[in-house]
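Asker: These are the residues of each chain, in order.
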Amino acid sequence: MAKDKKILLVEDDSFLREIIFKRLAKEGFVVTEAEDGEKALLAVDKEKFDLILLDILLPSINGFEVLQKIRSLEDENAKKVPVIMLSNLGEETDIKKAMEFGANNYLVKAHFTTEEIIEKIREELGE
Amino acid sequence: MENIRVIERKIEFNGLIIKARWFYASAILVLGLYTKFFSYSSVNFPLVTMAILYLFYIAINFIFYLYLQYIKKDKSAINLEILSWWQVGSELIALTLIMHYTGGAESIIHFFYFFSIVSAALIFGLRGSLSTSILSSLLVNGLVLAEYYKIIPHAGRFNVPTVDYLVLSVGLAKSITISTAFIIVAILSGYGINMLFRREELLGEQTQKLNAETEKRLHELKQLDRTAKLLVKRDSELNRTIKALEKEKEKSEDEKYKTLAIISNFSDPIIVLDNENKLAIYNHASKEILGVKFSDIGKKVLDGNDFSLDKFKTIISADFNYAKSVEENNNNLGIEEMDLKIQNEARYYKVITSEVRGDDDEYLGVMKIFYDLTREKTIDKMKSEFITVAAHQLRTPLAAIKWSIDLVIKENKGKIDAEQIDLLKKGYKSNERMIKLVDDLLNVSRIEEGRFGYNFNNYKFADILEIAVENLEATIKKKKIKLIIEKNQELPRVYIDKDKIGMVMQNLLDNAVKYTPLGGKIELTFKTAGDRFYVSIKDSGIGIPPKDQEKLFSKFFRSDKVLRMETEGTGLGLFIAKNIIIKHGGSISFSSEEGKGSEFIFDISLSK
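Protein chains in written order, with our numbering: chain A, 3 to 129; chain B, 189 to 796.
Because the hints were derived from the structure by calculation, they are not lab data.
None of these values were measured; they are calculated from a predicted model.
Where is the CB? At the ideal position from N, CA and C, for every residue including glycine.
Some hints here could point you the wrong way.
Sample of chain A residues at the chain B side, in silico, Cβ under 7 Å [what the hints assert, rightly or not]: (1) Ile21; (2) Asn90; (3) Thr115.
Stretches of chain B that chain A covers, calculated by requiring three or more beta carbons in the stretch to come under 8 Å of a beta carbon on chain A [stated by the list, open to error]: (4) 315 to 321; (5) 625 to 637.
Construct the complete structure from the given sequences, taking the supplied hints into account.
Answerer: Here's what the structure looks like:
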């Protein structure tokens, strides 16, 4: 089950990161944290994840760019990793853009509880 | 009709003849008396007979004189002729009688006949003188013959008869000679007088003509005079009018100058075309910003009556983008939005095109005013940027609060007491409201910037309804509200943006639930008409006060009544709902009675 699933959590706000981390850890996921786009890409390079929770407004490289880069990786498996956008942005244009770049889902942070987020994660993981 | 001048002349002659007759009648008398008493030989001159004849003659002449006075006034040609013949006739008889009594064949008064002949000529011309002379000849010769043959007694001039009486041939020779003289004198005088008359007649005619001409000229002169007077009057009127016009002109020049000054000093560009679409006026700003040149004045800018901005490229040399504005106004030919760069700085203009009409509503041309919206646009942009940034930045802490409270509530059961959990739940609810407010604020700024994107498709209306009702189920149950959803018809598929209409339904239902008291009723009914699907949400709530009804769909509007009841709500819900419905080609309306409830109805499309 969730025990062996690895999740990359990309979030620049430390408090949010902490809450989600706790929540996901409690559910049994193996969570790797990244506080900006650059670190996220480094992590993706090093490790293979089952899912990525990706914020958009990030220092250095933003979430859209991270998503684009992941989707253009050479490694076929790494390339196909499910990505759920978890952002403050909620404009149609943002959502459309993210979907075009290959996001699997798009969640506006304040609109969902952590439980709902985990539900969406499970959906993506096919559980 | 005889010439009046000739008649006047004849009257004059008659007067002269009558005057002359006094003298020559007297002269005959004096001559008779002289020859009787002072001649060397005694002459037979019957005094009594002569006196009677003289007096008779004078009397007749006096009658003639009176008659002439009458004719002078009457001016009748016939009366004048009668008078004249009477004169001639009576004179000849008188002369013949005198001749008889003064010696008959021996008498020497023949030359007095000349007077009659000449006077007849004077009045009747040749015809008068000739007939008088012939008559005279007949009388003179007849007298000689009558005395010789003793038809009438001979009153000898002398005591002893002379050869004139005794020898007929001598008497006749004398009388025939005299007769010949009569006729010669008659012809001469008659002819002369005829000529005189003809000249007189000609003169008369000419005079008449001249008179007529003069009269005509006088008439013309009078008319000219009248015309001149009128002209003078009109001239003074014209002068007055001209003065008034000059004044008016001065005034209007002044006005024009003022207007031009206002236009040319106006900080935004203004372009005015005359009624032939030629450039009439432009101001300094037009030159600076749009690049209109002085040499363009009078240039035909466009043909036809499409006054959109790209037709003005004939005079606007600056590069610009433009688009028709969605704004509309009845008083003008359209509003456009225009942007261009001045020294690399973006400038935005709202371009209003309107007809220029004079006082009498006559068409004078077209005016384009370019309102500089750069500042407003910049402020708007800044405002919406601010809202966007603020809202997004708010979402992070809001999410943090949401998640952490949620976590605390769910994972610390038993560690905190019920009261604390209640407090946390209230805090959570407040946070949710805050999240909703941020969403609404973002939606409003998107609506205002035209970034509120739509994604239309066919959806089951039932699905949308279900979600909206589901979200409120708990509250409905808690407030014991009776929710009646019309089930008479199957709900159709509608052509909508699912999320947006979901928002509208959620909003309206939220309001209905919020403002309906405990145990109240909410009724949902539907109607299909043509391509429209009508949704009605009727509650038995507090209703909307009439004074608030007008402002209900305004941004941030919240009724005092609602404010007193509860502070929840952003005042943006209905504003957003109305915008969404309008974008769906529908309309939203309501009817409400305070204390009884409200009904909101909106319509959406069934198909594309």
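Asker: Compare the structure with each hint and give your call.
Answerer: Verification of the hints:
1. Ile21: Result: holds, 5 Å to nearest chain B Cβ.
2. Asn90: Holds. Min distance 4 Å.
3. Thr115: It holds, given that the least Cβ distance between Thr115(A) and chain B is near 5 Å, below 7 Å.
4. 315 to 321: violated (count 0)
5. 625 to 637: Contact hint for the stretch 625 to 637 of chain B vs chain A: holds, 4 residues under 8 Å.
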